[in-house]
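Q: Listed here are the chains, written in short residue letters.
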Amino acid sequence: MEMETPTKRRRIKDLNFWEKIYVPEIIKGLALTFRTMFKPKFTMEYPEVKFEPTGSYRGRPVLVQEENGVERCVACGLCSRVCPALAIEVQAAETELEKERYPVKFEINMLRCIFCGFCEEVCPEEAIVMSKDYEMAFTNREDAIYGKDKLLIPVGKLQDRIGFLRQYK
Amino acid sequence: MPNINLDGKTIEFKQGQTIIEAARDHGIEIPHFCWHPKLSVSGNCRICLVEVEKMPKLVIACSTLASEGMIVHTKNEKVVAAQNAVMEFLLINHPLDCPICDEAGECKLQDYAYKYSVGESRFVEEKVHKDKRVALGPRVMFDGERCISCSRCIRFCDEIAKDPELTFVKRGDRVTIVTYPGEEMDNPYSMNTIDICPVGALTSRDFRFKARVWDMSSTNSICIGCSRGCNTEIWVRNNEILRLVPRHNEDVNSYWMCDHGRLNTFKNVNADSRINSPQIRKDGQLIEKSWDEAVNEAVSKLKLFTKEQIAVIGSAYATCEDNYIIAKFAKTVLGTGNLDYIRHIDPSFADDILRTEDLTPNSLGAELAGIQPSKSGLDIQGILNAIKEKKIKALYLVEDDILEAFPEFENAIAGLELLIVHSTNHNRSTALADLIFPAATYVEKNGTFVNVSGVVQRIHPAISVVEQDRALDGMSMSRLDKFGTKWDRWAAGKKINALPTWKILTSVAKAMGSKIKFNMAEEIFAEMANSIDAFKNLDYDVIGELGAKVKSEISNNVKVS
Amino acid sequence: MSILEIVIIALIKVAVVVGTMLVTVAYLVYFERKVSAWAQNRIGPNRVGWHGALQPFADLFKLVLKEDIVPDNADRKIHALAPVIALLVALSTYAVIPFGPDLQIGDYNISLIVADVNIGVLFILALTSLGVYALTLAGWSSGSKYSLLGGIRSSAQMISYEVSMGFSVAGVLLLSESLRPVAIVESQSGWMWNAIVQPIGFITFLVSAFAETNRLPFDLPEAEPELVGGFHTEYSSMKFAGFFLAEYANMIMASAFIATLYLGGWQIPYIEKLGLSPILETLLCFGGFLLKMAALLFFFLWVRWSLPRFRYDQLMNLGWKVMFPLSLINIIWVAVLIMIFGM
Numbered sequence: 001m002e003m004e005t006p007t008k009r010r011r012i013k014d015l016n017f018w019e020k021i022y023v024p025e026i027i028k029g030l031a032l033t034f035r036t037m038f039k040p041k042f043t044m045e046y047p048e049v050k051f052e053p054t055g056s057y058r059g060r061p062v063l064v065q066e067e068n069g070v071e072r073c074v075a076c077g078l079c080s081r082v083c084p085a086l087a088i089e090v091q092a093a094e095t096e097l098e099k100e101r102y103p104v105k106f107e108i109n110m111l112r113c114i115f116c117g118f119c120e121e122v123c124p125e126e127a128i129v130m131s132k133d134y135e136m137a138f139t140n141r142e143d144a145i146y147g148k149d150k151l152l153i154p155v156g157k158l159q160d161r162i163g164f165l166r167q168y169k
Numbered sequence: 001m002p003n004i005n006l007d008g009k010t011i012e013f014k015q016g017q018t019i020i021e022a023a024r025d026h027g028i029e030i031p032h033f034c035w036h037p038k039l040s041v042s043g044n045c046r047i048c049l050v051e052v053e054k055m056p057k058l059v060i061a062c063s064t065l066a067s068e069g070m071i072v073h074t075k076n077e078k079v080v081a082a083q084n085a086v087m088e089f090l091l092i093n094h095p096l097d098c099p100i101c102d103e104a105g106e107c108k109l110q111d112y113a114y115k116y117s118v119g120e121s122r123f124v125e126e127k128v129h130k131d132k133r134v135a136l137g138p139r140v141m142f143d144g145e146r147c148i149s150c151s152r153c154i155r156f157c158d159e160i161a162k163d164p165e166l167t168f169v170k171r172g173d174r175v176t177i178v179t180y181p182g183e184e185m186d187n188p189y190s191m192n193t194i195d196i197c198p199v200g201a202l203t204s205r206d207f208r209f210k211a212r213v214w215d216m217s218s219t220n221s222i223c224i225g226c227s228r229g230c231n232t233e234i235w236v237r238n239n240e241i242l243r244l245v246p247r248h249n250e251d252v253n254s255y256w257m258c259d260h261g262r263l264n265t266f267k268n269v270n271a272d273s274r275i276n277s278p279q280i281r282k283d284g285q286l287i288e289k290s291w292d293e294a295v296n297e298a299v300s301k302l303k304l305f306t307k308e309q310i311a312v313i314g315s316a317y318a319t320c321e322d323n324y325i326i327a328k329f330a331k332t333v334l335g336t337g338n339l340d341y342i343r344h345i346d347p348s349f350a351d352d353i354l355r356t357e358d359l360t361p362n363s364l365g366a367e368l369a370g371i372q373p374s375k376s377g378l379d380i381q382g383i384l385n386a387i388k389e390k391k392i393k394a395l396y397l398v399e400d401d402i403l404e405a406f407p408e409f410e411n412a413i414a415g416l417e418l419l420i421v422h423s424t425n426h427n428r429s430t431a432l433a434d435l436i437f438p439a440a441t442y443v444e445k446n447g448t449f450v451n452v453s454g455v456v457q458r459i460h461p462a463i464s465v466v467e468q469d470r471a472l473d474g475m476s477m478s479r480l481d482k483f484g485t486k487w488d489r490w491a492a493g494k495k496i497n498a499l500p501t502w503k504i505l506t507s508v509a510k511a512m513g514s515k516i517k518f519n520m521a522e523e524i525f526a527e528m529a530n531s532i533d534a535f536k537n538l539d540y541d542v543i544g545e546l547g548a549k550v551k552s553e554i555s556n557n558v559k560v561s
Numbered sequence: 001m002s003i004l005e006i007v008i009i010a011l012i013k014v015a016v017v018v019g020t021m022l023v024t025v026a027y028l029v030y031f032e033r034k035v036s037a038w039a040q041n042r043i044g045p046n047r048v049g050w051h052g053a054l055q056p057f058a059d060l061f062k063l064v065l066k067e068d069i070v071p072d073n074a075d076r077k078i079h080a081l082a083p084v085i086a087l088l089v090a091l092s093t094y095a096v097i098p099f100g101p102d103l104q105i106g107d108y109n110i111s112l113i114v115a116d117v118n119i120g121v122l123f124i125l126a127l128t129s130l131g132v133y134a135l136t137l138a139g140w141s142s143g144s145k146y147s148l149l150g151g152i153r154s155s156a157q158m159i160s161y162e163v164s165m166g167f168s169v170a171g172v173l174l175l176s177e178s179l180r181p182v183a184i185v186e187s188q189s190g191w192m193w194n195a196i197v198q199p200i201g202f203i204t205f206l207v208s209a210f211a212e213t214n215r216l217p218f219d220l221p222e223a224e225p226e227l228v229g230g231f232h233t234e235y236s237s238m239k240f241a242g243f244f245l246a247e248y249a250n251m252i253m254a255s256a257f258i259a260t261l262y263l264g265g266w267q268i269p270y271i272e273k274l275g276l277s278p279i280l281e282t283l284l285c286f287g288g289f290l291l292k293m294a295a296l297l298f299f300f301l302w303v304r305w306s307l308p309r310f311r312y313d314q315l316m317n318l319g320w321k322v323m324f325p326l327s328l329i330n331i332i333w334v335a336v337l338i339m340i341f342g343m
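One line per chain: the protein sequences are A, B and C, in this order.
Everything in the first sequence is counted per the working numbering, starting at 1 for the first residue and increasing by one.
Everything in the second sequence is counted per the working numbering, starting at 1 for the first residue and increasing by one.
Everything in the third sequence is counted per the working numbering, starting at 1 for the first residue and increasing by one.
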């Protein structure tokens, strides 16, 4: 985006007579709002109409689930370490798979999450990405802690974001 | 003393020291993977290359003896280029699996990659693949790909554990480590190889993938596996001990500790058998009570017996402070001389490396603190016989399991009219107890132990019990402890409702009208230093993290066993 | 007419005026939100009822259900009294506003005014001055620095702008030679609206009316960004609703007063020449009055969503250095009209 060229600050002594008595300026302002009243509205009528974000949108963080149903995450804990809000808790355990380590517990406290995307940025496995989901509502603190059941999303549904990351990260 | 010139600084060295040792004595670190101060020099990692003037090429600081007038450069362009080259070589076949590796965060290779490498590799070919997840022994896991072939583990088994089990096989980039055919790495010190492994090639099967090092806090402590009192660090996350590692103390354990101490001395702390509240037996059932109720119960029951009918058993597992209060409680409050402690001696456990035959950490300290029968009083055997003869009707048992030690007296002890027990966990004795006080374990309190050679050493609380607060009580805190709230599951670890024995006893004593009053363990130790010759001139500051000797002639006179 | 009939008619009038007032206030809030939305390319409330038409009642319902919180160090009695004063003052002023010419129903000649008193204008000025007590007391009794600052500002603002307001009205009174609102309306027959005859007075009065009703750009007593709500920071539930209703009631009142003083009241110019039946004419006049009020109310809302708030010194400058001299000039202008043109 281009920076606007800074305008020279105008002082009261620089104003001409009409500007000094305000009235024409006030009328100009009133005219502007009056015209605006008849312009098309921007409001999206949620929940009937929903905003569909682009790949650059940072919704709630989710875990990528491979096509074979296994998570990419190896529970290295870097997301947990980098999280400025300490929203992420990871407990690793051993599996028989080739990647010997997996998260037996992966919890994101959505009340703590600030959607900064650091977890996604630090992840060495592209295992945690920011989704397009912005609809989160809870009625108690416990519900706000998302476990693996809510976090695992099939990789097919996250292509937009992964494509965006590969292009810009 | 002869001198060498190291990076323009003149430093003294002792005859026979290598450059790396001389530098280390003056606080200058020369990078090293394979060199270890307690192991022989093998000189195979090459990261300690330094330039010595008038020598034709760079030399390795770990095996080059310092000599008078030597001019050594450790940071010049040539050396830096060599270090970078060595790092690049080491990283050629080292897998990029730090996210999976347990060593991440305390890995020498990681650290040096930041410090001594430019972080670029020209290697585009496929890395060599070797065996991963090889169980070298019951406690140690080996990952061949991560190994940088420094041979520290091999030399440790040969030289320190005196039990050669490991060797290199194959050549070149296929070199790997195996146990000798038909053997496995099961020597009692095998897990020290995990600590000295500069990379994540050797990992603990017990601790495997349990936690990241940066999520834990570490607290200096003492191993209670035997009377050696090896210095340890307790690594804690979310109020749960996840591992013990040895701490360097040249006077006690050097860099090492045995696998038994490392694995078996903390598991009871978070076990289900922990006693979580004072308990009173009513109609054969143990009922949880408040501290006040339990103390009042103890007082009213103890008052029913005469001095001769009561015996007190101190503990070689408890701290000196605890035992001092036990002795004081027995002598001044109960007025009984029937005071002793239970010895746990197992000659088969001892070896000539670290292990001792005494399986308790503080029998010397218990005796010094006054756990001895008075002239007319009964010792442990006397107490047991008196119980059998029903001359002693009330027993106050502190932090030990008398039935485990003397199973043959089960009926006699069951016949006691009153059995009060301080215990950390449920055991055979608590099963018979009329009143149980939950005692804090050694990782939950301040105090001192006196080891087999008379060194007083400090323990610090690493786990918080209900009455403590990590921040307010100055306990070591991890990042999670600092920023967690009670709403965070990762900061809401279980807290046991237990108290140190000395605290329980002072409140019982107070309820019985005694003036014994202490606010913290340090005050007790101060009084001990005043009243007990062996502890003269000692305090917690003098003891510090590395301990201090009690007066030797006294400790030599005390005979344990 | 017997006394009883007069009392009954008066009571009916009061009931009708107050009832209509409250409904109007409710819908004024609704339109405020709609206008603000339109001015910002939004839709505005549209969920409760048809196009959100029941929104004001939902708002009210919410306010009624809310917990009434009184700060610990508030003066509880005065704290409770303040919103009552505000509402009382706001509603009482309607008594002297003439909504239309007399209405002939059967034998009864009903004037569309609750109380046709001789000193109507003075009554209104007096009551609006009393209104400031509500805000000042609210600010004082809340025991909060924000509220106190809001209350003090409110007093200062009222005093400053009452001066120019009073002098502006003086111009109107000079022309009508009466303090009776009905007389003032009748003096503006045809196109002799005071707004046209004495435009300076009209403008100063209009601006002062904005200031007196605490509407933006003169809402310094409640200035959210700096005083977090000013005098009503510590009010909640129905007490807050009291202030809220009073503000809007004041606005309607101000519109009615401006229409009466400057826009010819209920009069529609030259309507009598059309020769309509008296009842129809009366109703048309009444409608005309409502139309004038509605236009003024829209103007109130429109200004609020167009102009930013004054800084405190600007407010005082404007009040004393601009509005006050202008209103004096207006009096001279009116005097000249009377002396020279003999109006």
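Where hints are given, some of them may not hold.
[Said to hold, decoys possible] Just a sample of chain A residues kept apart from chain B, beta carbon distances all over 10 Å, derived:
(1) Pro-24
(2) Lys-39
(3) Lys-50
(4) Cys-76
(5) Ser-80
(6) Met-110
(7) Cys-116
(8) Lys-148
(9) Leu-165
(10) Arg-166
[Stated by the list, open to error] Derived SDA-like pairs (lysine to any residue); straight-line CA-CA distance at most 25 Å:
(11) B:Lys-486 x A:Thr-139
(12) A:Lys-41 x C:Leu-318
(13) B:Lys-115 x A:Ile-153
(14) A:Lys-41 x C:Glu-32
(15) A:Lys-148 x B:Gly-377
(16) A:Lys-13 x C:Leu-318
(17) A:Lys-132 x A:Ala-93
(18) A:Lys-132 x A:Asp-143
[To be verified] Now the stretches of chain B that chain A is said to cover, found in silico as 3 or more residues with beta-carbon under 8 Å:
(19) 293-307
(20) 487-494
Quick caveat, the hints were computed from the structure, so don't treat them as lab data.
Quick reminder that beta carbons are idealized off the backbone N, C-alpha and C, glycines included.
Q: For every hint, state whether the structure bears it out.
A: Evaluation of the provided hints:
Distance check on A:Pro-24: its Cβ is at least 57 Å (rounded) from any Cβ of chain B, clearing the 10 Å threshold; non-interface status holds. Every beta carbon of chain B lies more than 10 Å from that of A:Lys-39, the smallest distance being close to 46 Å; the non-interface claim holds. Annotated as non-interface, A:Lys-50 keeps its C-beta farther than 10 Å from every C-beta of chain B; the closest such distance is 31 Å. Its beta-carbon lying about 3 Å from the closest one in chain B, A:Cys-76 breaks the requirement of being farther than 10 Å from that chain.
Against the 10 Å criterion, A:Ser-80 falls within the reach of chain B, whose nearest CB is about 7 Å from its own CB. Once the 10 Å rule is applied to beta carbons, A:Met-110 is consistent with being away from chain B; the minimum gap is 12 Å. For A:Cys-116, the non-interface assignment is confirmed: its Cβ lies about 16 Å from the closest Cβ of chain B, beyond the 10 Å cut-off. For A:Lys-148, the non-interface assignment is confirmed: its Cβ lies about 14 Å from the closest Cβ of chain B, beyond the 10 Å cut-off.
With a minimum CB-CB distance of about 17 Å to chain B, A:Leu-165 clears the 10 Å threshold, and the non-interface call stands. For A:Arg-166, the non-interface assignment is confirmed: its Cβ lies about 19 Å from the closest Cβ of chain B, beyond the 10 Å cut-off. At roughly 18 Å between alpha-carbon atoms, B:Lys-486 and A:Thr-139 fall within 25 Å of each other, so this suggested pair holds. For the suggested pair A:Lys-41 and C:Leu-318, the alpha carbons sit about 36 Å apart, so the restraint of at most 25 Å is broken.
As the CA atoms of B:Lys-115 and A:Ile-153 are separated by approximately 39 Å, the hinted pair breaks the 25 Å bound. Between the alpha carbons of A:Lys-41 and C:Glu-32 the distance comes to roughly 17 Å, so the proposed pair stays at or under 25 Å and holds. Simply put, A:Lys-148 and B:Gly-377 have alpha-carbon atoms about 64 Å apart, too far for the 25 Å limit, and the pair is violated. Pair hint A:Lys-13 plus C:Leu-318 holds up; C-alpha atoms about 18 Å apart against a cutoff of 25 Å.
For a cut-off of 25 Å, the pair hint linking A:Lys-132 to A:Ala-93 is broken: about 29 Å separates their Cα positions. A C-alpha spacing of about 20 Å is found between A:Lys-132 and A:Asp-143, which places the hinted pair at or below 25 Å, so the restraint holds. Counting residues of the segment 293-307 of chain B whose C-beta sits closer than 8 Å to any C-beta of chain A gives 0, which falls short of three, so the coverage hint is violated. Against chain A, the segment 487-494 of chain B contributes 4 residues with a C-beta closer than 8 Å to a partner C-beta. That satisfies the three-residue criterion, and the hint holds.
Comparing the model with each numbered hint stated earlier shows that hints 4, 5, 12, 13, 15, 17 and 19 do not hold.
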